[in-house]
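Can you build the whole structure from these sequences, using the hints too?
These protein sequence lines are chains A and B, in that order.
First residue of the first sequence: 18, per my numbering; consecutive thereafter.
First residue of the second sequence: 18, per my numbering; consecutive thereafter.
Any given hint might turn out to be false.
[Unchecked claim] Keeping only pairs whose Cα atoms sit at most 25 angstroms apart, straight-line, the calculated DMTMM-like set for lysine to aspartate or glutamate is: (1) B:LYS268 - A:ASP209; (2) B:LYS251 - A:ASP209; (3) B:LYS76 - A:ASP290; (4) A:LYS211 - B:ASP290; (5) B:LYS76 - A:ASP288; (6) B:LYS268 - A:ASP199; (7) A:LYS76 - A:GLU86; (8) A:LYS211 - B:ASP255; (9) A:LYS76 - B:ASP290; (10) A:LYS258 - B:ASP209; (11) B:LYS211 - A:ASP209; (12) A:LYS211 - B:ASP292; (13) A:LYS211 - B:GLU265; (14) B:LYS211 - A:GLU289; (15) B:LYS30 - B:ASP159; (16) B:LYS76 - A:GLU289.
By construction, these hints were calculated from the structure, which means they are not laboratory data.
2 protein chains.
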Amino acid sequence: MKIEFSQAVHELKNADKILILTHINPDGDTLGSGFALLRALRKMGKRVRLLNGDKINSKYNYLFEDLEEDEFDEEFIVSVDVAERKLLGDALSEKYGDRVDLSIDHHESSRRFAKKTYCEPHSASCCEIIYLIIKALGVETDSDIASCIYTGCSTDTGCFKYSNVTVRTHLIASELIAAGADHSRINVRMFDTKSMNNIMLERMCLSSLEFFAGGTIAVISVTQAMLRESGTDKSALDAIKPITRQIEGVKVGVTLREEEDGVISVSVRTDEDVDAAAICANFGGGGHIRAAGCEIYGKSIEKAKTEVTEYIVTYLNK
Amino acid sequence: MKIEFSQAVHELKNADKILILTHINPDGDTLGSGFALLRALRKMGKRVRLLNGDKINSKYNYLFEDLEEDEFDEEFIVSVDVAERKLLGDALSEKYGDRVDLSIDHHESSRRFAKKTYCEPHSASCCEIIYLIIKALGVETDSDIASCIYTGCSTDTGCFKYSNVTVRTHLIASELIAAGADHSRINVRMFDTKSMNNIMLERMCLSSLEFFAGGTIAVISVTQAMLRESGTDKSALDAIKPITRQIEGVKVGVTLREEEDGVISVSVRTDEDVDAAAICANFGGGGHIRAAGCEIYGKSIEKAKTEVTEYIVTYLNK
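Right, dumping it as structure tokens:
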């Protein structure tokens, strides 16, 4: 059931022995939302604990390292920033998936798996919603809560860079800094820190960078050997894929990646004038207008690169 | 003479035939300040023109491309974001340097070269001050003015990332977005666009990256050949220098650059525990605790690298 903001606040006000669930591949928004809510509810005298189905990257430790553990049988379960049940991860989904009382979320794609769902799809982050809920609960935003909320506001907007930022996002950020959020240190951790493995992968990827069609197509090729040598896995490519399209004059950015089984996975990013999904459809793939993907079977990465770039040249000349 | 905010507003209110001067190597803050002020004063019916002593990078064209030129003998000269006279550039400094009526600035290092100076050293950008002046002048912030002001607010804070961001910065950003600032498109232009030359330089610099002392020292070496081959000049290194210190575990990041005359210019960036100025002092240089520099004469870049890294190893072991 879809509920209103005031009902979500009411549910939390009346709850106790609360279990908060966050999503797998935990990011700054789900963790910031979860630990801000945990801190606020504890300040109200409630017993609260939080579970995550995955390993939490140590860069997020400041969100919770001062907190004490608590063990109790939960009477109320709330999920934050979890768009669908399977994003709880297998173990938590199995154990709690059909018992979630309240889901608080901001995804367009949010599916109602909980008994009650409060979703604001136009909110830049789930943390924005959690902040307003904490205010409505009458809990003062201390500096720890402010830092948790700030983390989600900042990470889900690329540090206030993306088009999802609204008037409200900046208003909340100003209130969080006034409340003592450790904003610049958080931003250094989130945006200005790279692991040595990731920088070594970036170096290899830039070395592989090639241009075609007068600089309108840029291609990065990532082999299994590169991932092995840099000590990274495919998740490190999230930071690599945007590089090609950031280059001036590039209309189509392509990242080719050799999978363990030899399949070539292709990620295509385009500027406003080119349909990435249409390009990928030619190879049996699909996606969005500006970001799409496909897979190429039984070809070397070199051969796949030739086929994909040749098709894109034809496509651009249409 | 140092003046108060209200006096600065008063000066502008009473002025006409106004010439606005911006600083050389023009950035988003000086240009955003200048064109926002020009637009606002023109809305008041005044004649206003703007001069810059340098070539303006085309990425800033949206700040002024709809504006009409105007020619008149100036009766009042105002500089924005210009910390000292020589930053007007030789030609403008020669012609107008001792005739500036009002300087509006936010630099700690601001020197009073104008007849009257209004400086807020704690303002994250000059644009924040200009915005408040425009409001005080009673001019409505339209979407063009908002985009100009937003540009300075965003570029001088690394898109709201740096420690100079205050409660006021975010409050103003929220008002600018409400007024129609084209925020996400501006941020793509400013932060997610790299020239092909710059990306080629970055590729060469990452290829040159070396680690010493168990990964606590990272060194990038830039030769004249690299600048030539990539078609860049030393200004492109502004984007390169922060890379070394962003790597996890690195305490000292060094960028060595071969000058045209063979001198090796050394830039040292450190984390909180290491004094960059002390390291550079050993080579006759100096600077700040976390960013300093020195020059090494009569040595190859390889030899300079060995000397500098060996000294840093000794320094870290002290």
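Results of checking the hints against the structure:
Proposed proximity of B:LYS268 and A:ASP209 is supported: the alpha carbons are some 14 angstroms apart, at most 25 angstroms. With a C-alpha separation of about 22 angstroms, the suggested pairing of B:LYS251 with A:ASP209 holds against the 25 angstroms cut-off. At most 25 angstroms may separate the alpha-carbon atoms for a hinted pair to count; B:LYS76 and A:ASP290 meet this at roughly 19 angstroms. The hinted pair formed by A:LYS211 and B:ASP290 meets the criterion: a straight-line CA distance of about 19 angstroms does not exceed 25 angstroms.
A C-alpha spacing of about 17 angstroms is found between B:LYS76 and A:ASP288, which places the hinted pair at or below 25 angstroms, so the restraint holds. Proximity of B:LYS268 to A:ASP199 is assessed by CA-CA distance (about 22 angstroms); at most 25 angstroms being required, the pair is judged to hold. Distance check on the hinted pair: A:LYS76 and A:GLU86 sit about 20 angstroms apart at the alpha-carbon level, within 25 angstroms; holds. For the hint pairing A:LYS211 with B:ASP255, the CA-to-CA distance comes to about 18 angstroms; that is within 25 angstroms, so the pair holds.
The straight-line distance between the Cα atoms of A:LYS76 and B:ASP290 is roughly 19 angstroms, inside the 25 angstroms bound, and the hint therefore holds. For the proposed pair A:LYS258 and B:ASP209, the alpha carbon gap of about 13 angstroms is at most 25 angstroms, so the pair holds. In summary, the hint linking B:LYS211 to A:ASP209 is supported, as the alpha carbons are separated by about 18 angstroms, within the 25 angstroms threshold. For the given pair, A:LYS211 sits about 22 angstroms from B:ASP292 by alpha-carbon distance, which is consistent with the 25 angstroms threshold.
For the given pair, A:LYS211 sits about 6 angstroms from B:GLU265 by alpha-carbon distance, which is consistent with the 25 angstroms threshold. Between B:LYS211 and A:GLU289 the alpha-carbon distance is near 17 angstroms, which keeps this suggested pair within the 25 angstroms criterion. Annotation: proposed proximity of B:LYS30 to B:ASP159 holds, straight-line Cα distance about 19 angstroms (limit 25 angstroms). For the suggested pair B:LYS76 and A:GLU289, the alpha carbons sit about 17 angstroms apart, so the restraint of at most 25 angstroms is met.
Of the numbered hints given earlier, the model fails none.
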